[in-house]
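Trainee: Sequence:
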Amino acid sequence: MLSELKKVAKLALPMVLTQLLWMTMPVVDNMMVGHLGTEALAGMAIATTYYWLLQLVCLGILSAVNPLIAHAFGRSQTHEFRKMIQSGLVLSGALSVLMAAVLYFGEPILLFLGQKPELVLIANQYLKAIIWGVPFHLAFIVFRQFFDSVEDPKPTIVMVIFGACLNAFLDWSLIYGEFGFPSLGVAGAGFATAFTQGVLCFGLGSYLGLSPKYQALQITKRLEVSWHVIREMIGIGLPSSGSMLSEMIYFSGSTLIMGLLGTAAVASHQIALNVASATFMIPLGVSFAVSVRVGGFAGRKDWIGVTRVGKAGLVLCLGLAFLNASLLLVFAETIVKLYNSDPEIKLLAKKLVRIAGVFQFFDGLQVVGIYILRGLKDTRIPFLNTLFSYGVIGMSVSVGLAFGLNQGPVGFWLGMILALGIAAALHQLRFRRVIANALFLEKTRSTQ
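If you number the sequence shown the way the numbering used here does, the last residue is 448 and the count never jumps.
Keep in mind that the hints were calculated from the coordinates and are not lab data. Predicted model only: the values in this text are computed from it and were never measured.
Label pairs and their in silico Cβ distance ranges: (1) 38 to 182: 18 to 28 Å; (2) 444 to 322: 33 to 43 Å; (3) 274 to 211: 32 to 42 Å.
The calculated lysine-lysine pairs, modelled on DSSO-like cross-linking and capped at a C-alpha distance of 27 Å, are: (4) 311 to 443; (5) 213 to 83; (6) 377 to 10; (7) 7 to 377; (8) 350 to 337; (9) 213 to 10; (10) 6 to 377.
For every residue, glycine included, the Cβ atom is placed at its ideal position computed from N, Cα and C.
Kindly produce the complete structure, drawing on both the sequences and the hints.
Mentor: Written out as structure tokens, the structure reads:
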């Protein structure tokens, strides 16, 4: 297992860095818009939440590209790549039309959801600008899925490093009107992100089409779209979207519920959740690598190899969780000071950040578990597991502890840890069941 652990770690490192760099873009957008005033930042927060919710749905569906290509890669069927990439691009094109339409009508939708009209006007400026980047962003996701699936994440990280720098420069230029550019305010952040998405898409797509390493694929030479592949992607991807959405709704909804406990509670909760979200990028990147390795072994029906990768992924995630937890437990007070100086908020946030340290173990186990199953193209049962863990157990226990037993934010966080623990356990049970079934079928066929 040590050899597999090294392979997973080597593949995971650039994927983790890519995730961390990718997350800097919306952070920089919000930081720069924040200097335009409180109202601008509030409008931007509404817009980015709305945008990322839609993007999450599309990302979940397009994540199906990964296991399909990884399985073909494991079988050494590289001739299948062109069909899968082109089919993925057609699917991303269809999704971009739907996503762009929902963004275009963002203003009436947000007003219907009860948002303040003055904030919706600001949010709409961002949405109408970023809409131009939607098709490029979704196509970029397909290209990234391909490079990850063939265990070649370097082109992606090079492009994302460049993209993060370009986005920051364009934010500064277009928001404030620097270097001869017009001052567009909040809309400038949207245009900056949209242009960056276009550059990333063309950059990664050009590398795929022109690099000697992938010349044999002849991506642009012949059209080979398969409706069967598209249907399979939707079948795998829709439940993945459901899993992502149920998790996001649970954790996003927690902020609204915290609002019922007062300003200090919601501010402290947001600090701890922000810290947990940042550290989550590390096990998420590892999970990408584990999913790819699992898909490769599953493609050639090496179930012992799949099990070995699964164990290596769990060990690596637990090791990283221990490191993250140690840092959060030791430096909780220092971390909180970076966010706020209010004594009441600092006291509560420090407790929640330390609880977030324990949170790391269960969060790492559940994310690697669901990505192992995704590498096996198994997404429907994991979706139901996620829905049960967060929607039924997590929310009821969190609310019960917070309000019924008067444990407040601390009780709510303990409920979240329980939800993650149940999700992790259910994913592991499902993994064992899938492997046992695969080994049984293989044994049955060999005796016939």
